[in-house]
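*Asks:* Sequence:
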Amino acid sequence: MDKQLFRIAAGLPTAMADRWWPHVEATWREFDISTAERQAAWLAQVGHESGGFVFTRELWGPTPAQQRYEGRADLGNTQAGDGKRFMGRGLIQITGRSNYRECGHALGFDLEANPVLLQGDLLAARSAGWFWQRKNLNPLADAGSFITLTRRINGGTNGLADRQQRWERAKRALGVV
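Under the working numbering, the letters of the sequence shown match residues 1 to 177, in that order.
It cannot be assumed that every hint is accurate.
What the hints assert, rightly or not - With a cut-off of at most 20 Å between alpha-carbon atoms, the simulated DMTMM-like pairs for lysine to aspartate or glutamate come out as follows:
id, residue 1, residue 2
1, 3, 18
2, 3, 121
3, 3, 30
4, 84, 58
5, 135, 102
6, 3, 168
7, 135, 32
8, 84, 74
9, 84, 102
10, 84, 70
11, 84, 110
12, 84, 112
13, 3, 37
14, 3, 25
15, 135, 74
16, 3, 32
Said to hold, decoys possible - Computed beta-carbon distance windows for the label pairs:
id, residue 1, residue 2, range
17, 70, 157, 21 to 27 Å
18, 26, 62, 29 to 35 Å
19, 142, 113, 32 to 38 Å
Since the hints were made in silico from the structure, they are not lab data.
Don't be surprised by glycine CBs; every beta carbon is placed ideally from N, CA and C.
All chains should be built: construct the whole structure from the sequences, respecting the hints.
*Replies:* So, in structure tokens, the structure goes:
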């Protein structure tokens, strides 16, 4: 794949494709997102989670759902303020102190001490690749199990119609049958 095909598959304007392509290409190599099926699914899911590669930080209300991040032991949010401090960041919205710690360890950065690092383009892309690998999503992409893949990322099927629209566009552009 090249930058032009990435732009079309992701539905991005040229300037956004120019910005993201080097990081996406490197992430795909690092995390074996190496087939058209995997890349189409990744683009659809990441495209949805980031609002089309626009947001690398969760929009904070706080909404009722966001307020429930506070004190969630399953996310490692055990200290006061952890809910907001470890809000969703990166192209796939890594959330929670323990996920920041694990992701940072894997990528070689202290994200627990400096969570805002996940908002930068390089780590935003790499963290999405790390999450994809950690959740073993390549086999689901290979099988075309898009709803199961969505549930593994989102915990449900929020935004499914948008994700599927992005997936269909990416599959057409990449020649996935």
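*Asks:* Against each hint, give a clear statement of whether it holds in the structure.
*Replies:* Against the structure, the hints:
1. 3 - 18: Holds, at roughly 7 Å.
2. 3 - 121: OK: residue 3 and residue 121 at ~16 Å, within 20 Å.
3. 3 - 30: At roughly 17 Å apart (the allowed maximum being 20 Å), residue 30 and residue 3 satisfy the hint.
4. 84 - 58: 10 Å, holds
5. 135 - 102: 13 Å, holds
6. 3 - 168: Answer holds: residue 3 to residue 168 is near 19 Å, not above 20 Å.
7. 135 - 32: Cα-Cα ~13 Å, so holds.
8. 84 - 74: 15 Å, holds
9. 84 - 102: Roughly 18 Å between the alpha carbons, so the hint for residue 84 and residue 102 holds.
10. 84 - 70: 7 Å, holds
11. 84 - 110: 18 Å, holds
12. 84 - 112: 13 Å, holds
13. 3 - 37: 17 Å, holds
14. 3 - 25: 9 Å, holds
15. 135 - 74: 16 Å, holds
16. 3 - 32: 18 Å, holds
17. 70 - 157: 21 to 27 Å: 25 Å, holds
18. 26 - 62: 29 to 35 Å: Hint holds: Cβ distance 33 Å, inside 29 to 35 Å.
19. 142 - 113: 32 to 38 Å: 36 Å, holds
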